[in-house]
Amino acid sequence: MAKFPGIKGIFFDEDPLIEQSSKGVNGIGIPDCGLKKSDLRKDESAYIDSKYIRKNPPGLPEVSEPTVVRHFTRLSGWNMCVDTVFYPLGSCTMKYNPKINEKIASLENIKNLHPLTPANLIQPVLKIVYDFNNILCGLTGLAEFSFAPQAGAAGEFAGLKVIKKYFELKGENRKTILVPDSSHGTNPASSVLAGFTPVEIKTGKAGTLNAEELKKFISKDVAGIMITNPNTFGVFEKDIKKIAEIMHKNGSFVYMDGANFNAFLGNVKVSDMGIDLIQLNLHKTFSTPHGGGGPGSGALGIVESLREFLPIPYVKKTAADKNNGKNTSNYDKDFNAENQVYELSEDRKNSIGKMTPFLCNFAVLIRAYAYLLSLGRDNVGSVSEIAVLNANYVKKKLDEILSGSDPFEEGLCMHECVFSDKAIEEGGISTIELAKLLIDYGFHPPTVYFPKNIHGAIMIEPTETESIRTLDNFIKAVKEIKLKTKKSRAAKSPQKTKVGRVNEVLANKRPVFKS
Amino acid sequence: MNNFRYFPNSKKDIAKLYRFLGIKDKKELFKKILGDIPLISDGDLSDILNDGIDENALWRIFSDIDGAIPSKNKTAVFSGGGIYNHFVPSVIDSLISRSEFYTPYTPYQPEVSQGTLFALFEFQSFIAEILGMDVVNASMYDGAESLAEAVLAALRLSSANRDIPANHSDDAVFVSEGVNPNYYSVIKTFTGGTGVKIEKIKLNAETGRTEISELKLKLSNGSGRVPAVVIQQPNYYGVIEDLESLEKIIHSAYDDSEHTPSFIVSSTEPYSFGIINPPGFYGADIFAGEGNSFGNYMNFGGPLLGLFAAKKEYVRQMPGRIVGKTKDGNNRDAYAFILSTREQHIRRGAATSNICTNSSLNAVRAAIYLSLCAKSGFKDIALLNLKLAHILRDELLKTGLFEPLYGGDFFNEFSLKFKANKNEHNKKLDNKKTASEFIEKMAARDIVAGIALSENAVLISATENIRLSDIEKYVKNAKEVLNG
Chain A
0 MAKFPGIKGI
10 FFDEDPLIEQ
20 SSKGVNGIGI
30 PDCGLKKSDL
40 RKDESAYIDS
50 KYIRKNPPGL
60 PEVSEPTVVR
70 HFTRLSGWNM
80 CVDTVFYPLG
90 SCTMKYNPKI
100 NEKIASLENI
110 KNLHPLTPAN
120 LIQPVLKIVY
130 DFNNILCGLT
140 GLAEFSFAPQ
150 AGAAGEFAGL
160 KVIKKYFELK
170 GENRKTILVP
180 DSSHGTNPAS
190 SVLAGFTPVE
200 IKTGKAGTLN
210 AEELKKFISK
220 DVAGIMITNP
230 NTFGVFEKDI
240 KKIAEIMHKN
250 GSFVYMDGAN
260 FNAFLGNVKV
270 SDMGIDLIQL
280 NLHKTFSTPH
290 GGGGPGSGAL
300 GIVESLREFL
310 PIPYVKKTAA
320 DKNNGKNTSN
330 YDKDFNAENQ
340 VYELSEDRKN
350 SIGKMTPFLC
360 NFAVLIRAYA
370 YLLSLGRDNV
380 GSVSEIAVLN
390 ANYVKKKLDE
400 ILSGSDPFEE
410 GLCMHECVFS
420 DKAIEEGGIS
430 TIELAKLLID
440 YGFHPPTVYF
450 PKNIHGAIMI
460 EPTETESIRT
470 LDNFIKAVKE
480 IKLKTKKSRA
490 AKSPQKTKVG
500 RVNEVLANKR
510 PVFKS
Chain B
0 MNNFRYFPNS
10 KKDIAKLYRF
20 LGIKDKKELF
30 KKILGDIPLI
40 SDGDLSDILN
50 DGIDENALWR
60 IFSDIDGAIP
70 SKNKTAVFSG
80 GGIYNHFVPS
90 VIDSLISRSE
100 FYTPYTPYQP
110 EVSQGTLFAL
120 FEFQSFIAEI
130 LGMDVVNASM
140 YDGAESLAEA
150 VLAALRLSSA
160 NRDIPANHSD
170 DAVFVSEGVN
180 PNYYSVIKTF
190 TGGTGVKIEK
200 IKLNAETGRT
210 EISELKLKLS
220 NGSGRVPAVV
230 IQQPNYYGVI
240 EDLESLEKII
250 HSAYDDSEHT
260 PSFIVSSTEP
270 YSFGIINPPG
280 FYGADIFAGE
290 GNSFGNYMNF
300 GGPLLGLFAA
310 KKEYVRQMPG
320 RIVGKTKDGN
330 NRDAYAFILS
340 TREQHIRRGA
350 ATSNICTNSS
360 LNAVRAAIYL
370 SLCAKSGFKD
380 IALLNLKLAH
390 ILRDELLKTG
400 LFEPLYGGDF
410 FNEFSLKFKA
420 NKNEHNKKLD
430 NKKTASEFIE
440 KMAARDIVAG
450 IALSENAVLI
460 SATENIRLSD
470 IEKYVKNAKE
480 VLNG
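Chains A and B, in that order, are what the protein sequence lines are.
Residue numbers for the first sequence follow numbering that gives the first Met the number 0, so the first one is 0 and each next one is one higher.
Residue numbers for the second sequence follow numbering that gives the first Met the number 0, so the first one is 0 and each next one is one higher.
It is worth saying that the hints were derived from the structure and are not from the lab.
Incorrect hints may appear among the rest.
Taking CB as the label site, the calculated pair distances span [what the hints assert, rightly or not]:
| hint | chain 1 | residue 1 | chain 2 | residue 2 | range |
| --- | --- | --- | --- | --- | --- |
| 1 | A | E199 | B | I60 | 23 to 29 Å |
| 2 | B | D169 | A | G426 | 55 to 61 Å |
| 3 | A | L482 | B | F19 | 19 to 25 Å |
| 4 | A | L482 | B | R4 | 50 to 56 Å |
Glycine included, each C-beta is placed from N, C-alpha and C at the ideal position.
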């Protein structure tokens with residue numbers, strides 16, 4: 000049997016850099032840029048009006064390069080991450096981030112490319128954006144993607160703006176977006192931001208939406224529904240086609256929160272479920288690293304009828320045939336003109352507008368594109384297959400330990416599973432204590448207390464990049480915690496981390512924002 | 000058959016999982032879950048994807064692409080317009096390549112995320128120093144989105160009940176024409192749902208600074224309220240704005256303090272605050288701009304680093320995550336996200352913003368960069384930017400081919416017009432598209448020469464990544480392209 004990873008590492012204490020300052024020290028070489036001595040000697044007053052000039056430089060630390068390197072290296076040791084531990088954070092898809100993709104994103108010319116470089120010099124870069132768009136269209140069955148949204152919530156906002164614009168153009172003023180009560184918090188927040196009123200629908204025991212229940216909410220004021228599928232319990236919305244039918248009959252749209260797309264990748268096209276819009280979180284399903292909170296990308300996909308509303312700019316493929324004028328056909332399968340050129344276009348008269356100063360989070364996109372090329376069509380379907388198998392393995396195994404805690408006991412989950420705190424509470428341990436105890440065993444905690452409508456929720460997403468051996472090890476830790484942990488120890492955990500339980504009440508009561 | 004290299008489960012393991020669940024194969028698995036939703040069949044994806052490839056083959060594809068675009072070593076980049084060609088020390092790549100920084104999620108569990116939280120706290124502290132502002136958040140997506148969220152925050156601050164989305168159709172936000180046009184567009188996208196009008200304030204035709212008389216007039220004339228006035232420093236055309244005068248007018252526009260507009264300052268180049276006074280010194284209520292210049296690559300335009308800062312009395316209306324310093328159970332210093340009740344995962348529809356994932360890793364890069372620069376380096380590098388841009392502009396003006404678009408002081412970016420050429424037969428460029436043609440022709444000579452502002456004006460920047468020899472090359476080639 001495998002050992003628990005535990006935590007036996009070496010932690011170093013470290014003071015803030017500002018406290019390590021020594022007057023006059025810095026860690027960066029100042030170039031002379033080939034300037035003449037006479038120019039080097041001048042100060043700022045030779046160039047600009049003294050009334051603008053800053054008298055005191057900002058109070059940055061005064062430290063050398065080795066001090067900076069040691070400081071941040073020590074800090075890094077205080078983090079758990081995907082490369083060190085099993086990280087089953089539900090709804091976050093913490094899969095392995097392939098190293099080659101980091102290397103690709105760091106290619107010298109690509110990472111130093113200015114976004115407004117003339118298009119004729121950067122054709123292969125524009126082609127990446129175009130081709131990646133095509134692949135996502137193929138995987139989802141949708142007509143086109145926009146890469147303007149910088150993360151999942153931005154994708155939701157863009158999608159809702161698209162819906163808003165559609166109705167504006169039709170002369171309809173629909174105000175309501177339906178949102179199941181089990182949805183991510185970003186869904187109602189994005190609805191408000193886009194100028195809609197979110198209306199919550201109560202969901203069933205496993206967070207699922209019932210088509211009959213939905214009908215009660217249907218009116219001509221409903222612009223659309225935001226539905227997470229599989230939902231935040233990891234359960235497939237089995238009424239999805241009926242739901243889509245009801246919505247479409249009412250002239251409304253079905254927006255799918257694609258945060259959980261890892262359950263479908265390569266096996267199911269969302270178009271087959273009647274989905275009109277989706278955002279794909281490239282930092283989840285498509286393996287780009289989450290960076291300790293970002294950056295990400297929330298590519299927005301839409302059906303044909305919504306294409307004209309997508310954000311600008313976008314990459315357009317044009318046939319450079321001067322005799323016949325420009326012949327443009329974006330994302331059409333049979334478009335096969337010779338002398339194709341790619342250009343950045345703002346030509347989209349009903350666009351919702353811009354979301355970001357330039358095109359997209361390109362460095363995120365290129366990693367996701369490389370990921371899909373690596374997998375290829377022969378492996379891409381294994382992603383969701385193994386993710387679903389792993390989650391169901393954990394679900395069934397943990398059900399033996401946490402009996403009575405699974406709100407969806409009979410069925411199969413998709414890429415993640417959720418338990419209530421029922422079984423652990425009986426042993427005197429709360430969900431937060433379980434989370435903190437798992438840390439000392441060497442595991443990152445699952446998502447906790449979400450979804451809200453399940454008591455003390457514990458949400459586990461193993462992903463396809465974990466082995467049975469790791470899953471068994473994690474399950475064994477949960478079992479040990481449940482059987483052996485004393486209440487007194489639970490309250491004091493974690494004990495092996497750099498700091499113990501953080502006082503979040505104090506942090507909010509007397510907030511300290513800076514050093 | 001082998002497993003794919005990212006999947007630890009062998010084919011045998013997968014068979015074991017199926018046996019454990021009492022399911023025959025993939026078809027049955029998905030059929031049981033999905034019912035009648037069809038599965039993608041093997042042939043379905045053949046139009047869009049080839050078979051998977053090994054790492055070496057993948058590397059070749061992308062290194063070929065890298066070889067087919069302008070070479071970093073051969074090309075001099077003088078384009079700015081919201082993103083700048085600054086030098087990135089190798090320490091940053093080395094430290095950021097530590098998995099402990101780039102592979103975790105958002106620090107929801109503070110005990111196992113102290114490294115990221117501490118680094119973000121230092122980021123907030125450094126940016127607060129640079130801007131002269133009270134509170135800085137742990138990042139937004141980019142400068143434009145951050146600015147749009149600043150306008151939304153100002154709308155909330157102007158409402159009697161800040162928790163309920165108000166109708167702002169009688170209100171107008173004034174945005175200087177010196178604000179980056181892309182930022183202006185993003186503000187429009189974000190404020191569309193509120194009903195607020197977005198009105199532009201002209202620039203002075205000579206100086207290029209926001210026209211103070213027009214601002215005064217607009218503030219006294221309007222019938223509705225003005226929740227905010229937005230100024231960019233230095234502005235899109237590179238000109239340094241007179242924030243001191245603007246602040247006085249904005250903050251004393253109305254006797255009634257409840258109706259005082261928020262003074263929002265943006266910037267795409269906060270490196271300028273190494274030389275010029277930052278917005279916090281002039282009473283800016285909110286700062287929202289771009290921080291990519293600090294230790295981040297241009298990356299073809301993203302990801303970027305949105306900066307957001309405010310006076311501390313407005314902290315409850317700030318979007319995004321904020322790291323605070325606290326203690327653990329043993330009274331040791333510890334860090335955690337604070338004031339989360341502003342955020343979507345708690346407040347849902349009533350949150351200050353929908354933002355969740357942000358630009359955390361870019362912010363850590365900025366923290367490392369600013370640590371390396373230190374107090375003296377930050378100023379010295381800013382001064383180099385100032386000098387190089389001024390030398391370049393002087394040299395270009397000396398050719399007689401250009402004239403300044405505006406006369407106001409500038410930092411590392413400036414705008415030039417092509418001088419009207421009376422000697423028609425000497426003219427090498429098509430009159431209708433001088434600027435874009437100039438840029439294209441210069442690009443063919445390995446010079447990314449700037450951004451077209453109009454048919455006859457270009458926006459040019461110079462950073463510490465430029466050498467005097469690049470400036471000489473620019474001038475020589477500009478002469479050849481324009482004169483022959």
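Status of the hints after comparison with the structure:
1. Look at A/E199 against B/I60: about 47 Å separates their beta carbons, and that is not inside 23 to 29 Å.
2. For B/D169 and A/G426, the hinted distance range of 55 to 61 Å is satisfied, since their beta carbons lie about 59 Å from each other.
3. For the pair A/L482 and B/F19, the supplied restraint of 19 to 25 Å holds, since their beta-carbon distance comes to about 22 Å.
4. As the Cβ distance of A/L482 to B/R4 is approximately 37 Å, the hint placing it in 50 to 56 Å is violated.
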